[in-house]
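Asker: Listed below, chain by chain, are the residues.
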Amino acid sequence: MTPPESTQTDDAAALTGSHLPESATTVADNVDIPTQVSDDQVDESIPEEFRYNLVFNKKVSELRALFEEQHRQIREEGAEKPKRDVAYQSVICDEQLNQIPLDARSIGLLVQADDQNPAMLSENFEFSLILAMGSSSPGTIDVPFDTSVDTREILYQAESAGFGVNLLPPANATVINAEVEAYCDLIRDYGRISLHGQSCNIRVSPIDGYMEYLLYAELGYKPKVISTDEMMNLLYTDTMPEVVMDHVKACIAEVVIEVLGPDFMKDLVVNTVKALHLKDLQFMEARASILEAELDTRTPFPNMIRILAEATGLRGADAAGLLFELKNAIHTVLDKYLPSDPVVEPEPENSTASSAEVKNADGVQQVDPEEKVPAEDSGMRVRAPNTKQADLAKALCLMASSVAGGPDALKAVWASIESATQLDQRINLDRETTLPSLAAGRVADALGVAPKVAALAAGELATLLQVVLEAGGAIEPPPPPATPKPTPPSGLIAVG
Amino acid sequence: MRSEAIGFINVTRQCNVDCKRCYLTEEHRAIKERLPVATLQQFLQSSFWADRDCTLIWEGGEPSVIGPQAMQLLVDTARRLLPSARQTMVTNCFSVPDWLLAMVHEEFDGLVETTYALGNKFNLAGSEVIYQERFLSGLNKFWSAGVPCVVNVELNAETVQAGADALVDVMLQSECKVWEFDISVDFASFLKTPVYHPASTPALPLTVPYQKAWSFLADLRERHYARLTRAGITIGVFEQNPDAGNLQFNVLSEDRFLTLNPDGTVTTNPLYSDLEGTILGDLHVSSLDSMIISRNRLSRISHERRRIRACHGCEHVSYCGGGPAHVPVFDGSGECAGGLSIWNSSLRMQSA
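Chains as they are written, first to last, in the working numbering: chain S, 1 to 496; chain L, 1 to 352.
In short, the hints are calculated from the structure, not lab data.
Wrong hints could be hidden among the right ones.
[Unchecked claim] Far from chain L by the CB rule (all over 12 Å, computed), these chain S residues:
{"hint": "1", "residue": "Gly162"}
{"hint": "2", "residue": "Glu218"}
{"hint": "3", "residue": "Gly261"}
{"hint": "4", "residue": "Val403"}
[Stated by the list, open to error] Pairwise CB distance ranges, derived in the manner of DEER restraints:
{"hint": "5", "chain 1": "S", "residue 1": "Glu292", "chain 2": "L", "residue 2": "Pro194", "range": "48 to 54 Å"}
{"hint": "6", "chain 1": "L", "residue 1": "Gly163", "chain 2": "S", "residue 2": "Asp185", "range": "45 to 51 Å"}
{"hint": "7", "chain 1": "S", "residue 1": "Lys327", "chain 2": "L", "residue 2": "Arg79", "range": "24 to 30 Å"}
{"hint": "8", "chain 1": "S", "residue 1": "Asp408", "chain 2": "L", "residue 2": "Gly163", "range": "52 to 58 Å"}
{"hint": "9", "chain 1": "L", "residue 1": "Pro194", "chain 2": "S", "residue 2": "Asp445", "range": "58 to 64 Å"}
{"hint": "10", "chain 1": "S", "residue 1": "Lys224", "chain 2": "L", "residue 2": "Asp289", "range": "46 to 52 Å"}
{"hint": "11", "chain 1": "S", "residue 1": "Ser416", "chain 2": "L", "residue 2": "Thr234", "range": "27 to 33 Å"}
Predicted model only: the values in this text are computed from it and were never measured.
Don't be surprised by glycine CBs; every beta carbon is placed ideally from N, CA and C.
Please model the entire structure based on the sequences and the hints provided.
Answerer: Listed below in structure tokens is the structure:
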């Protein structure tokens with residue numbers, strides 16, 4: 001497919017793409033790139049955290065001095081740590097990059113050839129790349145148009161560092177001259193390797209920008225502005241007159257068609273749509289797994305909720321709501337008819353009952369279920385002793401004890417329930433270091449849930465009974481975990 | 001955020017088990033050295049650990065031989081200096097005292113790992129049988145106490161020779177439900193005649209060709225994995241998928257591994273603890289920050305990256321990463337360190 005007729009805007013978009021978040025950019029004074037964006041061009045509507053300054057062609061030794069000065073200011077003058085809002089591009093590795101300035105938002109290292117073998121990278125560059133990769137700043141490898149370093153070598157390095165590659169055009173190229181042709185050759189070299197197969201997964205500018213532009217055009221989208229990424233504008237758009245840009249663009253088109261074939265655009269659109277669809281599926285899967293994790297961390301009965309959802313067809317959130325409303329309803333009724341003991345000490349500041357809790361003449365507390373109880377009040381309600389509800393629990397336990405044949409017999413019944421529901425194995429079940437019981441397996445088969453879920457849900461159900469038995473004094477609550485006592489070395493080690 | 005940093009801390013190199021091909025010298029395994037708290041402090045007070053996820057792995061020798069008080073002091077010191085770092089331990093399970101169980105629960109979030117092989121491991125009196133018995137007993141003690149101790153089986157010549165059936169017997173005898181596998185290296189031979197690549201990376205000899213090691217695993221999967229799965233046993237290498245990447249030890253990790261010896265010397269990979277050519281420096285003489293930017297470390301990272309160029313053209317390279325970086329990608333056996341045949345069959349099964 002042939003690219004559409006060019007316009008200045010199309011040309012620029014073709015080279016730069018618009019792959020980065022919108023940014024407002026200023027260029028520092030020391031830049032020797034011809035185009036500068038001054039402060040007054042900064043779009044104030046862009047949030048400050050997306051604005052950054054571009055600094056080109058600093059030496060590593062200068063960055064070291066800057067880093068030391070920033071540290072001195074923090075240490076000696078109590079200065080604040082600077083914001084990371086400077087993109088250092090085309091950094092010259094005159095020494096190893098051991099420190100990155102504290103204000104560095106990103107680092108672009110200018111390719112440097114080895115003195116002995118110009119096709120290879122210098123050790124300074126390679127070690128600086130490793131150290132830059134280990135920093136918090138993302139980065140690029142900036143390749144000058146006249147580099148002698150082998151293309152594959154740079155792409156290997158970029159790929160292992162996770163850095164993008166910027167192919168830098170000659171400065172001040174106003175006409176198509178030998179330097180521009182050398183730049184086009186460089187683009188062809190990188191295009192042939194980076195576009196071939198799926199092994200190259202890094203961004204190579206401006207080739208990727210051009211591909212994005214073609215995709216936009218195919219989909220009928222025309223960006224309002226040349227590019228939202230000012231760094232790309234500075235590197236490519238603003239430094240090239242139209243005639244040079246058309247030539248470079250034709251060169252990229254040529255290599256894209258050479259590698260991907262004339263019908264590559266159809267494949268590109270199809271693959272892009274497939275990728276979008278896949279991303280959407282992955283997003284939904286990720287969301288589902290986050291909700292699953294939330295269920296475990298934020299609800300006391302996650303597996304009962306899962307079973308309820310499976311059995312009723314309700315969504316997880318609705319199943320959770322159903323269970324919680326049931327639980328709240330039970331508490332509301334119990335609190336209404338068997339209210340907490342009056343709080344004597346300390347004297348509450350506001351002696352009038354809240355609008356949610358009003359006692360009527362016969363002493364039955366009226367609870368308005370619609371009234372929201374503040375968290376601290378709710379906490380107080382839980383902590384306040386409730387002898388009436390405790391008496392109810394005792395009465396229930398007495399009845400159960402009578403049916404079972406005495407307190408010891410009731411304890412034995414509870415022990416068998418505890419064992420059957422694997423209540424004491426919940427942690428191991430959850431970690432999958434203990435297998436669910438056969439009964440849990442059968443429940444799982446019947447309900448269509450995982451055996452682990454069935455086993456854990458049985459335990460969760462049993463804890464409801466456990467709470468009543470403990471409140472009624474039929475069983476003892478488990479003792480708190482004992483503090484481990486360090487033992488002296490056994491002396492069995494025969495070495496040394 | 002930078003990639004997760006892993007600190008391996010050899011609290012001692014003394015050991016209560018005699019592995020004939022151990023990466024530590026016999027001399028160090030017999031000396032009763034202990035890591036001083038001050039040395040640990042120096043190790044952890046570095047920008048290397050800042051602004052990133054960190055895991056500290058207590059190792060040895062056998063770390064538990066230093067006893068509960070000394071171990072607790074080191075754990076507390078590390079917790080104070082790097083409060084958000086995860087801590088765990090690699091123990092040989094030869095002796096699992098109660099204090100270690102309590103510490104694993106309280107300090108390591110219940111996480112601990114061990115290593116194992118069917119042969120070439122002895123107790124200090126030279127008994128292979130007693131080693132095997134004590135290992136199983138220690139391992140079972142962890143699992144009975146709810147500690148899911150993962151076993152890394154060293155695929156050494158003896159294990160491969162014994163065959164998958166023998167290993168399956170051990171797996172089913174134990175209560176352990178998670179088993180992993182490591183490539184085996186003959187460190188004893190290397191320590192006798194050390195050979196390094198120009199980039200200070202040791203040229204380590206294998207104990208068994210890749211082809212035999214991966215065939216052993218293929219046999220294990222084909223004939224036994226269904227039964228093991230029914231028994232609740234999981235083997236990570238059989239469950240691997242591209243999304244999770246390669247879970248083998250030391251895949252593209254040279255830049256995020258640092259290992260501290262009790263004498264204050266520092267290297268990258270814990271397997272290099274006693275390999276002199278890899279030592280970055282001594283904390284008594286230089287700071288960790290200066291070791292991070294040392295030529296020794298950077299050239300080894302560079303070598304690790306160049307190493308996987310041998311994988312060019314392999315469809316699995318983006319997630320396999322060339323397998324463990326301390327061994328060559330290819331050994332001439334037709335297989336590779338990353339386990340090409342296992343990746344091929346795993347992906348076939350997942351797409352079936």
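Asker: Next step is simple, just say for each hint if it's right about the structure.
Answerer: Each hint, compared with the structure:
1. Not every C-beta of chain L lies more than 12 Å from that of Gly162/S, the closest at about 10 Å, which undercuts listing it as non-interface.
2. Consistency note on Glu218/S: stated as away from chain L, and its beta-carbon is indeed over 12 Å from all of that chain's, at 27 Å minimum.
3. Even its closest Cβ contact with chain L, about 21 Å, leaves Gly261/S beyond 12 Å, as expected for a residue assigned away from the interface.
4. For Val403/S, the condition that its CB be more than 12 Å from all CB atoms of chain L holds, with the nearest at approximately 35 Å.
5. Distance hint for Glu292/S and Pro194/L: a CB-CB separation of about 51 Å, consistent with the stated range 48 to 54 Å.
6. For the pair Gly163/L and Asp185/S, the beta carbons lie near 59 Å from each other, so the given range of 45 to 51 Å is not met.
7. Lys327/S and Arg79/L have their C-beta atoms about 38 Å apart, which leaves the hinted 24 to 30 Å range violated.
8. Judged by the Cβ atoms, the range 52 to 58 Å given for Asp408/S and Gly163/L holds: they are separated by roughly 54 Å.
9. Checked against the given bound of 58 to 64 Å, the beta carbons of Pro194/L and Asp445/S, roughly 59 Å apart, stay inside it.
10. Range check, Lys224/S to Asp289/L: about 48 Å between beta-carbon atoms, so the 46 to 52 Å window is met.
11. In this structure the hint that Ser416/S and Thr234/L lie 27 to 33 Å apart at CB holds, the actual value being about 31 Å.
In this structure, the hints that do not hold are numbers 1, 6, 7, in rising order.
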